[in-house]
Amino acid sequence: MESSIIFIFLSLSLFSNNCNFFSQVHASKYNHGKVKFKLIHRHSSELGKMSGTTLGPPSSSRERIKQLIHSDTARLRAISHRLVPRRKNFQVETLRSSNLVELPMRSAADIGTGQYFVSFRIGSPPRKFIMIADTGSTVTWMKCKYKCKTCFDDRIHHHERIFNPKTSRTFIPIPCLSSMCKQDLARSFSLQKCHRSTSPCAYDFRYSDGTKVLGIFGNDTVIVRLTNGKKIKVPDVMIGCSETIFGNFHDIDGVMGLGFDQHSFAVKAAEKFGNKFSYCLVDHLSPSDLVNFLVFGEVDDSTLPKMQYTELFLGIVNPYYAVNVSGISIDGEMLAIPSYAWDLKSGGGFIVDSGSSLTHLVEPVFNQVIAAFQDPISKFKKLSLSVGPSEPEYCFGDVGYKESLMPKLEVHFADGAKLTPPVKSYVIDAAEGIKCLGFVLTRWPGPSVIGNILQQNHLWEFDLLNGKLGFAPSSCTFDD
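In this note's numbering, the protein residues as written are 1 to 480.
In case anyone wonders, no lab produced these hints; they're calculated from the structure.
Check before you lean on any hint, since a few could be wrong.
[Said to hold, decoys possible] Below, simulated PhoX-like cross-link-like pairs (lysine-lysine); rule was C-alpha separation at most 25 Å, straight line:
id : residue 1 : residue 2
1  : Lys379    : Lys402
2  : Lys182    : Lys36
3  : Lys66     : Lys381
4  : Lys408    : Lys306
5  : Lys182    : Lys268
6  : Lys418    : Lys379
7  : Lys230    : Lys268
8  : Lys128    : Lys147
9  : Lys418    : Lys66
10 : Lys193    : Lys212
With the hints as extra help, turn the sequences into a complete structure.
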């Protein structure tokens, strides 16, 4: 059997929700193993160039930051739609501007093109796909050929991989009269009418940008390889078989859902591997021999500095991970930021999102942070990127620049943990000869977002069972 790989756009905003159902998770015989995936950044040369996408190395450093800003803009728009107003988990929000609904899955336009790829396999025998993986989505779905004979004609879509569930021995459609369809899925998704008892549970996803996806739900098996080389199965992962798609999916075969939901692959995998996952992100501009990775299971932290832990809020700003930030200091001096900016219940707070590149700060936080950098950056010539809206506002020429001239920034958590990122993670290389502060103003009320550039050169561990976030500086060595 030919092993196959699913390449996934990993926009790890990462699964959050109420963890009540984790109390029902029992210890697994695989809890002492782990699965480790190599993450490939969207600008890596490993991806090459795909028609109609912005994958692979950009033409210039200016084009690179332009693409990241464009993706961030879409990402923040999606976060804003999901969290303002903040509603109960899985509640469907009617859009005021149309009769469409905002669903727990987002379109390609909302996700951008994703930030990372990871290898993956699904089906029996496993099949290869190119999919957007989004931890803000809870369902894995792909372009599919179930009953429609003319959907995705191979003569027209010869470059795409189409999933045929009839060729997978482990694919089982979910009946439309089942409690999973009528109760669980009906709370989360827009479903089609059930015409016959033998009909599968069918969905009708419609997005605010006009994208429309029709298909059916089923369960199938995912195969993963442990770090010791052993292959194991993750059965009964819910997937969507999408036969009709109108909109912005171009060369993408589907979406990999890594949201925190009892039906998602993320939770299925976490249940088998100690209820934890971790990721480590290197600098976007690092040499190709340095890689990012994602791990399900325990990580070996013996080579790391002491791991710090802070509380992870699950279910408050679903589906994102919220953390209890209590302050920001510059060169050891706490900034005068009002306490309500950290309060999730007051519409503030912080989320950790590796699907966003830059760090987005609400006005009460942004103004204080920028003010603290005004004197250090005033020594350099002020410049503009001119790459579009939502670009960093504070950019300067790098003639005479040294990292030692910049102050030390630290993010403080309420339980005593402190994130001390390297200077290059908040004073970023934006274009040739141009440095920028890696902070962007986002609207208030709303959460601030710690983006993946500020998270670089650290290992991040998400303990879903105990509601803890661990982090420590790391070189992100893949083969440890």
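Proposed proximity, Lys66 with Lys418 (alpha carbon, max 25 Å): violated, 31 Å
Pairwise hint evaluation, Lys381 against Lys66, where the allowed Cα distance is 25 Å at most: holds, 21 Å
Hint consistency between Lys182 and Lys36 [alpha-carbon to alpha-carbon, up to 25 Å]: Violated, because 36 Å separates the two Cα atoms, which is more than 25 Å.
Holds or violated: Lys418 to Lys379, with C-alpha atoms at most 25 Å apart: violated, 29 Å
Hint consistency between Lys379 and Lys402 [alpha-carbon to alpha-carbon, up to 25 Å]: holds, 12 Å
Pair hint Lys128 and Lys147, alpha-carbon separation not exceeding 25 Å: Answer holds: Lys128 to Lys147 is near 21 Å, not above 25 Å.
Holds or violated: Lys193 to Lys212, with C-alpha atoms at most 25 Å apart: With a Cα-Cα distance of about 17 Å, the restraint between Lys193 and Lys212 holds, given a limit of 25 Å.
Hinted pair Lys408 and Lys306, Cα distance within 25 Å: The hint holds at about 20 Å.
Hint consistency between Lys230 and Lys268 [alpha-carbon to alpha-carbon, up to 25 Å]: It holds: about 18 Å lies between the C-alpha atoms, which stays within 25 Å.
Restraint status (C-alpha distance of Lys182 to Lys268 at most 25 Å): holds, 22 Å
Going down the numbered hints, you'll see the structure goes against 2, 6, 9, while the others check out.
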